Amino acid sequence: MLKTFAKGGIHPPENKFSADKKVERLPIPKKVSVPVSQHIGAPSKVIVKKGDIVKTGQLIAEQSGFVSANIHSPVSGKVFKIDLVTDTSGYRHQAIIINVEGDEWDEKIDRSEELKKDFDLTSEEIIKKIQEAGIVGLGGATFPSHIKLMPPKGMKSEVLIINGVECEPYLTSDHRLMLEKAEEMLVGIKILMKALNVKKAIIGIENNKEDAIEHINSFLKDYSGVEVVPLKVQYPQGGEKQLIKSVINREVPSGELPISVGAVVHNVGTAYAVYEAVQKNKPLFERVVTITGKSLKNPANYLVRFGTPISNLIDVAGGLPEDTGKIIGGGPMMGKALNTTEVPVAKGTSGILILPKEESKRREVKPCIRCAKCIEVCPMGLEPYLLMTLAEKAMHERSEKEDVMDCIECGSCSYTCPSDRPLLDYIRLGKIQVGAMRRAKSMK
Amino acid sequence: MLKLIVSLSPHQLGKNSVEKLMYGVIIALIPILIASVWFYGWGAIVVSLTAVISAIVFEFLISKYILKIGNTIGDGSAALTGLLLAFNLPSNLPIWLIIIGVFVAIVIGKMSFGGLGNNPFNPALVGRVFLLISWPVQMTSWPIPSPASEKFLGYTDVVTGPTLLGQMSEAMRNGESMKVFSDRIPNYFEILTGSVGGSIGEIAGFALIAGFVYMLARKVITWHIPISILSTVFIFSRILWLVNPEKFIIPFFHLFSGGMLFSAIFMATDYVTSPMSKKGQIVFGVGIGILTIVIRIWGAFPEGVSFAILLMNATVPIINMYMKPKRFGETIKEK
Amino acid sequence: MNGVVIATIITISSVGIIAAIILYWASQKFKVFEDPRIDEVEDALPSANCGGCGFPGCRPFAEACVKADDLEDLDCPVGGNETMMAVAKVLGKKVSEKAKMVAVMKCNGATQFRKKHTEYDGALNCTIQHNLYGGETACQYGCLGLGECVDACGFDAMYMDPETELPVIIEDMCTACGACVEACPKDIIELRPVGKKSKRIFVSCVSHEKAGPSKKACSVACIGCGLCFKECKYDAIKIENVLAYIDPIKCVLCRKCVVVCPTSAIWEVNFPARKVKPTIEEKTKLTEIKEIDLIKTAKVNSKKR
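Residue numbers (this note's numbering), protein chains in the order written: chain A, 1 to 444; chain B, 1 to 335; chain C, 1 to 305.
Think of the hints as simulated: they come from the structure by calculation, not from any bench. Just so you know, these numbers come straight off a predicted model, no measurement behind them. Be aware that a few hints might be false.
Unchecked claim - A short, non-exhaustive set of chain A residues, derived as facing chain B with CB atoms under 8 Å: (1) 10; (2) 45; (3) 241; (4) 251; (5) 321; (6) 324; (7) 361; (8) 362; (9) 367; (10) 371; (11) 372; (12) 424.
Unchecked claim - Result set (DSS-like, lysine-lysine): computed pairs, CA atoms no more than 25 Å apart in a straight line: (13) B:68 / A:232; (14) A:45 / C:210; (15) A:366 / B:151; (16) C:116 / C:196; (17) A:81 / C:216; (18) A:357 / C:116; (19) C:196 / A:31; (20) C:67 / A:444; (21) B:20 / A:393; (22) A:357 / B:326; (23) B:15 / A:357; (24) A:21 / A:45.
Beta carbons are placed, not taken as given, at the ideal position from N, Cα and C, and that holds for glycine.
All chains should be built: construct the whole structure from the sequences, respecting the hints.
In structure tokens form, the structure reads like this:
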């Protein structure tokens, strides 16, 4: 029996078209627009001005506040202007627009390809390096990684869990990374273990990526304390709380962080970025992005510099198909629909998915027949049908009592609903309402 | 210019639909229909067809012209309600009575609350109980089944007689020992293969169980409600039997006689009128089980499962209120 | 026979007497003293229970009125001055007169002025769409057109215009309770004083976008050009963050700013028609409140739910 989480979950069709496509380097565009808020938390403070010459890897916006991250220039060239650009959030936000001239890297960065295994740094030094490199969770949540490495007082991390699940259909960027950069990733894991002072790391991988599991297993003898656990193919296996439950069978209490059960979860992409930052002094300014879709000519995986408009990616993948209905930043279950093709790739962009028109339209909403299928699939044990009604009726206090804030927004309920009700839309509304209510209360 | 569609996640939808679930139940009912045609002849077909057609007509008229919510017959719920009601009726019931029953079921039991998803009571049972109370004679003159291998029955040429439960309550009233009575009744193989009188859907336990297995495999329903009803009935009647085997009949009799199997599998599992959480469904099932035995043994009617389900339907909101699914991370929170 | 009748009479009357004793005891035991003035104040209130005063309903408001030493901070926007006077009379307190307010819709981005670039497909609720992205048009500040304000209005003072896809406020029915202001996730609706003879001048735009993208997104947007600011001699116009705002208290309704606005973003309401119309024709068409086809509106709204 493969390990899996306790309750709920669905199994959407996997559609991993680009799983056997090697990661290629995407040509650097002529102009990039780097948003200053690519992470959860406060937007970074711009420290360059119009006309400045920047090098690839140079700091261009610095951390402002505790939950925030540095941003480095992904290209070399001249700062054209600082303006508003529509980003993945669907709103126009501040971004640094740079005209590309050549590709001159910062001198500190080690550009050699060779594997550098040894490191001799203390925990604090590692965390500082990670913080300086502006590394955030690359799984999609984009939470600044260095904060996760500093457990709050009184809590101790016992185990590092590496998320190589990639349970979202279509996406393959983590899968490719595990196949192509397995050893670098393992060194990154060792560095993270050192930073956290833990003796054990577990890589959770869904069992549909058998090649990756085998590939990593073949290196493990050199990396003591690291273990690979194959997991059942079930969505949302890659949810932080679900993964912890699956791998070490502990439940993170409602409203608390994984550290409360002694676990710290990082994505495989983050582990690789940590390797590059610590061993090669390379800050985070590029990532692997999957470009995929049923009607797309060449679904593929590319290494993309941040700030590259997704239209560039679409062009190299064979151009926008005629029947395009939706362009999604991320996977089909949790990704965000984008409203233009000029949205720049940012730290959280794990993939671009192009859905044909007939698949992007929602079906007609019918009345709830109370079949309880949403309760059956909810991995958090919530009652989506009830939360939807409560949000519609603006009954915030009751919503809070029914644990609406525990929702991880995995979308299993909306996926499974036979009446095609927009359950998650309204649960999100409920979360907004409860959040506003809590803020109002704390103000009083 | 290309107009992109924007919406919140998830962007992918599953293959579930109301139609699929409703037709799933209808398919599960087909073996029972075949079995009842075998035993009751044309009557089974006439009653079923009348009920289904009139249910669709009533639903169409009301949804289109009174509620104005568009035509809702396509989702299959009206046909299903009609079919379920038909299976709760004797096969020799006059057509006008069937139509009245369907009218009560669809118009009063379902559409008056706003249509599918809003009715608190199982509409088919509302129709059935209405008929049972208003026309008790017609509703309880059960045809005696005769397999088609002997004679294929017409709509009206049936001989009527009491059901097993009717015989039991008669015997109980006469103070007859249940030990003696249980020697008189047919054996369980005969009961399961259908040689007992009753309404259309109460025949042939094997066909019912086949339908149950089909619905479980298709994930139309879960096992919680039927199994909790049947095990409660078994345990409760076994306790009674252990207390006094003279006065109370053996538990298997309760399990396989009357509409017990049919109601547990098809009537109590109606989505709209059953609780949402697994815990709640088990409480619901236990309640139905206990009430059924209480009504059968101490009540005025020989058969109580319909009343038990309707009574428990009324408690569903309160069950939903208190029987919550186990939240993720909840146990640790409370410590 | 007689015995039965007598027994029945005795039983029933004794049950009645016992019940009466219990009820009397309970009413004494659980008696709660309530200031009788609360009832009187409540009678003076409109009983709309709209929550416009900041209290959950009229009774809690009445309680607060009775408790308060000073009525200055308490206001029933629905009843207005008359109601507050009546309340003050009941309580023997004083209340100062407040200007009557009305809700004003500050977005004129009808479909013909604002092109749609994307198609929203999801739950028809403004807050949900607002949380997802800036909206179907290129303007991320303007009205989303899903009518959450209309739903919030408890006085039937709003309806969605199916042509412009914007909500319309029926001035005469608006009580300025502020429910729509709170409901709108984009903060488009503002409560402004009704003004002399209901005459009002205001900027019908909330876009903080720079002139270029603003103009591109919507042909009637305020682009923050500052022409009105220069024109105004009464210091009533402020320009902040590329958006003009007319202070209703300082404004003397001279209407000069309306003429100079290059994008017709400044609206004048309830003024006599001008001889030479400076504004485009559509604008006047939009300002006048149409004869409402209630059934049609209700149908449109119900379809959206």
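Status of each hint after checking the structure:
{"no.": "1", "hint": "10", "verdict": "holds (7 Å)"}
{"no.": "2", "hint": "45", "verdict": "violated (30 Å)"}
{"no.": "3", "hint": "241", "verdict": "holds (7 Å)"}
{"no.": "4", "hint": "251", "verdict": "holds (5 Å)"}
{"no.": "5", "hint": "321", "verdict": "violated (10 Å)"}
{"no.": "6", "hint": "324", "verdict": "holds (6 Å)"}
{"no.": "7", "hint": "361", "verdict": "holds (7 Å)"}
{"no.": "8", "hint": "362", "verdict": "holds (6 Å)"}
{"no.": "9", "hint": "367", "verdict": "holds (4 Å)"}
{"no.": "10", "hint": "371", "verdict": "holds (4 Å)"}
{"no.": "11", "hint": "372", "verdict": "holds (4 Å)"}
{"no.": "12", "hint": "424", "verdict": "holds (7 Å)"}
{"no.": "13", "hint": "B:68 / A:232", "verdict": "violated (47 Å)"}
{"no.": "14", "hint": "A:45 / C:210", "verdict": "holds (21 Å)"}
{"no.": "15", "hint": "A:366 / B:151", "verdict": "violated (47 Å)"}
{"no.": "16", "hint": "C:116 / C:196", "verdict": "violated (38 Å)"}
{"no.": "17", "hint": "A:81 / C:216", "verdict": "holds (20 Å)"}
{"no.": "18", "hint": "A:357 / C:116", "verdict": "holds (18 Å)"}
{"no.": "19", "hint": "C:196 / A:31", "verdict": "violated (55 Å)"}
{"no.": "20", "hint": "C:67 / A:444", "verdict": "holds (20 Å)"}
{"no.": "21", "hint": "B:20 / A:393", "verdict": "violated (30 Å)"}
{"no.": "22", "hint": "A:357 / B:326", "verdict": "violated (39 Å)"}
{"no.": "23", "hint": "B:15 / A:357", "verdict": "holds (17 Å)"}
{"no.": "24", "hint": "A:21 / A:45", "verdict": "violated (37 Å)"}
The structure is inconsistent with the numbered hints 2, 5, 13, 15, 16, 19, 21, 22 and 24, although it conforms to all the rest.
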